[in-house]
Amino acid sequence: MDKHGFKKILLRHETILFAVLVAEWIFFEVIGRNFGTYDNTCDILRHSCEIGLLALAMTPIILTGGIDLSVASLLGLCAILFGKFWRDAGMPIPLAVACTIGVGALAGGLNATLISWLRLPPLIVTLGTFSLFRGLAEAITRGVDTFTNFPDSFLFLGQDRWLGIPAQAPFFLAAAIFFWLLVHRTTFGRSFRAIGFSPEGARYAGIPVARRVAMVYVLAGIVSAIAAIIYTARLGQAKADAGTGYELFAITAVVLGGTSIFGGVGSIPGTLLGVAAIAVLHSGIAHALLPGEMAGMLTGVLLILALAGSTLPKMISSLRARKAALKIPPQAA
Amino acid sequence: MKLFIQKLTTFLLLASIAGLTGCNKSVGPSSNADGNTASAAKPLTIAFLPKSKGNAYFVSCAKGAQRAADELGDKLIIDGPTDPDPARQNEIVDNWITLGVDVIAASCENKEGISTALRKAEAKGIKVITYDADALPDARSFFVNQATSQGIGYALMDEAARLCDTNGEFAVITGSLTAGNQVAWRNYVEERRAAAYPNMKCDAVEACDDLKDKAQSETTALLSTYPNLKLILSTTSLGVPGAAEAIKQMGKTGVVKNIGLGLPNENKRYVHEGVTQSVILWKTEDLGYLTVYAADALAKGALKPGDKTFKAGALGEFEVQGDNIMLGKPFTFNKDNIDQFDF
Chain A
0 MDKHGFKKIL LRHETILFAV LVAEWIFFEV IGRNFGTYDN TCDILRHSCE
50 IGLLALAMTP IILTGGIDLS VASLLGLCAI LFGKFWRDAG MPIPLAVACT
100 IGVGALAGGL NATLISWLRL PPLIVTLGTF SLFRGLAEAI TRGVDTFTNF
150 PDSFLFLGQD RWLGIPAQAP FFLAAAIFFW LLVHRTTFGR SFRAIGFSPE
200 GARYAGIPVA RRVAMVYVLA GIVSAIAAII YTARLGQAKA DAGTGYELFA
250 ITAVVLGGTS IFGGVGSIPG TLLGVAAIAV LHSGIAHALL PGEMAGMLTG
300 VLLILALAGS TLPKMISSLR ARKAALKIPP QAA
Chain B
0 MKLFIQKLTT FLLLASIAGL TGCNKSVGPS SNADGNTASA AKPLTIAFLP
50 KSKGNAYFVS CAKGAQRAAD ELGDKLIIDG PTDPDPARQN EIVDNWITLG
100 VDVIAASCEN KEGISTALRK AEAKGIKVIT YDADALPDAR SFFVNQATSQ
150 GIGYALMDEA ARLCDTNGEF AVITGSLTAG NQVAWRNYVE ERRAAAYPNM
200 KCDAVEACDD LKDKAQSETT ALLSTYPNLK LILSTTSLGV PGAAEAIKQM
250 GKTGVVKNIG LGLPNENKRY VHEGVTQSVI LWKTEDLGYL TVYAADALAK
300 GALKPGDKTF KAGALGEFEV QGDNIMLGKP FTFNKDNIDQ FDF
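Protein sequences appear in the order of chains A and B.
At position 16 of the first sequence (counting the first as 1) the number is 15 in numbering that gives the first Met the number 0, and the numbers step up by one without a gap.
At position 49 of the second sequence (counting the first as 1) the number is 48 in numbering that gives the first Met the number 0, and the numbers step up by one without a gap.
Wrong hints could be hidden among the right ones.
Here's a subset of chain A near chain B, in silico, CB distances under 8 Å, partners left out [to be verified]:
id, residue
1, R32
2, T36
3, D38
4, D42
5, Q158
6, Q236
7, G242
8, S282
9, A285
10, H286
11, L288
12, E292
Everything labelled a hint here was simulated from the structure, so no lab data went into it.
A virtual CB, placed ideally from N, CA and C, is assigned to each residue, including glycine.
The shape of chain B in the complex, shown without the other chains (with noise of 0.2 Å):
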């Protein structure tokens, strides 16, 4: 027993003797970059920080932003909450912040709540900017916003009219009455409907509450309802599966078209076998790729308030209105380029 203790005490003093050597190792290298940071060849470190880590809309928004960083040379951290505690996202900006990181890319959960860590960060000399979804604007420099409401409304009439050669009549599926984005989407809809495409008819406007069930209840009452119905148009992600079910199994696969706002892998199976002809989102890639690149140039002093437009490598010129980089117009996937996403 005696030999057992001595061995373990010389264990750990050569342990602690290691560490502490160690530890002598480790701060001289981090203050040497401190001393470089006047070098603009300095990579920079970008912290890059998703919703939640696993949920495929940001598996494959990181995959974007990983290209970005790879053709700017810079070091990019990617983490993000995988369970549900709304205080994953701030215990992870305050470990980046004493990390020493130089900008942080955040998609918030908690408008409010993040916000008061992304002000600790700014005062500590970090960038930060959003993306997907915004902090409370006196948190951030810059927010990169991948749709407009407007945009997002008009797209889906312009589909909607391309589909039925703009006359005839169609129906809405949303999600709820009452949500703001729910009611700022279907608002654009008829804006543009009433001043671009007035021989189109608005039948009806049926709640499904987001579940995919109730929006192919309310879809089999619009068909039988309105017979002269040719296109079911879902602003909400669960209606546009839900619609093509009913519609599928209606036999009207083709008669009525289907489209709304989704996910490519919600909707893929319905996109080939002809049932939903369109989906319209943004691509998750581009959002990614488009966030790194405004934060390098950010810290880098390239980006500043007051910008017109900003240019992100490959993906060219992008419109910067006020403090909003504007990822642009959505986009459309249809049966010819929906296999070439995965989210």
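One chain only, chain A, in its complex shape (with noise of 0.2 Å):
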């Protein structure tokens, strides 16, 4: 690899970011008791599974320059209807599974109608629906309905280790793989980053951009129906309030993640980082017996630290260029 090229992916958001990363795992592992050990690493694996989820799924929605703000009361309300449909329905869990990811494309198809096909702006609508999917998981609960004793080879998926690694990491893993393929190795990628960058450009491009816009939202609407079964599964039990504040959580993530908030520009790997570096300051924080509010600080702090790494080296060889080529015309005279 030639000297520009490595130079390159040193700078790189996500290069920095792992840098980042690494310098706060060795942090807390320095001033950290039983951080760095391989349960507590699976630990944080199964605490930042469904953020996880979510900051996947967000990823292609902000890609192109939308957002969703509805994903965790989404996840409240598969919560409770995945036990409404085994409980009371009586339904066997992988039929109740299935009905409730129907759920979610449901929901995901709400949010993709009123934004793709009558143009209301995604902020609108998902603030909306953030509010509708909550209340619905409240009024149909009266707040109080609790659905909890789920059986032993259900809690299995949230609770317990297969094959020496957390029961519900393979299904993380999947998503994180379908999610980079669609973003980095399909055509709906690039015509996401081309919608972010410009809906009316890519529309002229030949790009359905009203279908493409659509799939992002379903995607959004069956992963969070996947991650409120893995939730209710971590926890054993499913309340009205499940998942409360995750979707500031994912979008946080995927922003500290490097992909931009006005669309075109980011990752998966970025975002996979972004979860990591939330994921493992909330443990590290913990293990240095530090007080839990510093978390939501040093979250702060970590996304500026992270966004001006990356854009002040980019600014300083730019402002190198751009007195190089001022030079260039006296000598060449």
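Hints in hand, dock the two standalone chains.
Right under this line is the structure:
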């Protein structure tokens, strides 16, 4: 690899974020107790699985210049509906899972319809469904009904290990590979970026903008439903307040991962690193016996550091390039 | 640019070397600590989990817990959720498991949800005790029970009778007509009245839906419907200030007495104005103190299933009923003592 290519890789946002993640890990390993153990690594993975799934689904949405604030509310709605299907409708677990995913797709479809066909702004639409889904979940359970006593075979998915790794990890890995292929290895991915840069331009270039935009919101609905099932298995209960606040964690992870909130730029590996950086921070703070409130503060610091870290070198090099360009004419003359 | 990259690489290398040597250092003492488990002098690490961290009720519990830990020479970790995510308590417990604490003392927001994490802790050899709000019984050894429904119901009725010289009419403001704890408390109020104070009569029971405004309007209606009322008794915390506001606005301060279950801070003003005579609850600091003493004794093997009593430092003996350690009778906050409490 030539020097220019090496420099390019070193200055990529993902590389800088990876360095930050490694530094974070080392820092907490030094000041924390039992932080870097295998058990804790598994716990970090278990705790970040649902937020990770939501962040994966959020990445293509933000790539198209959109946003989905309703994912965590939908997680809550799907969690209690899954409980309803299983306990009240007497469905076997696999059927209940299938129905829940169906509900997720429908709810995502509602967002998609309002955004891509009625041309309403995603922020407004999903702010509405953010309240709607959570409100439905609360109305169905009247805020108090809790679904619990799930069979052990189901709880295994959220609480136990399979071949030495957390049982939910393979699902997360599968989702990560799916979204990586979608965003980086298919024409869909390129069309998301094109839409993010310029929806009108994409339309003139022959991209079916409405269909592609609809697709990412339906996908987010399906992924929220899957996250709801994993969440229920991890906690052993489904209540209307499941996943409160997860949408902001997911968006933070995506932005931390270098995806531009204006759309067009971003990557799945970046998002995964963003999720990891936040999850390691939360776990590290607990293991260093620091107050939990620091997590929010440090997430902010991390976000600013990572963004500044990836912007500054680019700015410096562009300044130098401009300087160099200014120097050339006298020499040539 | 090249220079910059060189500097960056050197820095990263140095940082990782520093980190690695740091790692080795940190492994040393922790493995030593593990080797020392046999010695009795090793201070215990007790992890104390409130339902929510900023809540004044739990801040006060934690104060008592810290005092107990200081007396016992134990290390106390206090952490709790600061956001409404119900999974947060589980995550905190999971972190404590890998951290390797000796005892976990938890007040549980979601009984079923947190029990899975607490069972996992027990499987790893960590002792588990609950306080304030119990987990499922198979997920902990003991529950520090701050008050039984009977204790609360009887205390409310006894205080009402004392203020009315054991005869006269009173009315009850309840949170809801159906909620389990409210029904239980009302039944014990009635049981105590029938058995001990036959000259007292309960005219009405009204629900305020846990709203202060509704408690106020219901009390206003009660006072005009039953002019002989001598006392309003609330079985819900927002009922007490609501009823107080109604009594005050109708100019019946001191004529109609006002008591109920509640937090001192919400009622201080009315207590000093003489509108509200007493507020009944338990001493939250004592709850935290007793919990930490019990946690310490559990880990040291001094507290075992089947014990009938338990001695907690300066507070003395407590009764143990089955696997419940009883904090004892509720405490009455009144004009003379209410300013000493801040929750």
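Structure-based check of each hint:
Among the interface hints, the one on A/R32 holds; its C-beta lies about 6 Å from the nearest C-beta in chain B, closer than the 8 Å criterion. Interface restraint check for A/T36: the shortest CB-CB distance to chain B comes to about 6 Å, inside 8 Å, so the restraint holds. Proximity of A/D38 to chain B holds as hinted, the smallest CB-CB distance being about 5 Å (cut-off 8 Å). Look at A/D42: its Cβ gets to within about 5 Å of chain B, closer than 8 Å, so that hint holds up.
With a least beta-carbon distance of about 6 Å to chain B, the hint placing A/Q158 at the interface is held under the 8 Å criterion. Taking 8 Å as the C-beta cut-off, the interface hint given for A/Q236 holds, the closest approach to chain B being about 4 Å. Checking A/G242 against chain B: minimum C-beta separation of about 7 Å stays under 8 Å; hint holds. The restraint placing A/S282 at the interface with chain B holds, with a minimum CB-CB distance near 6 Å, inside the 8 Å limit.
Checking A/A285 against chain B by beta carbon gives a least distance of about 4 Å; that is within 8 Å, so the hint holds. Restraint check, A/H286 versus chain B: the minimum CB separation of about 6 Å is within 8 Å; hint holds. Hint on A/L288 holds. Least Cβ distance to chain B is approximately 6 Å, under the 8 Å limit. The interface hint given for A/E292 holds, since its Cβ lies 5 Å from the closest Cβ of chain B, which is under the 8 Å cut-off.
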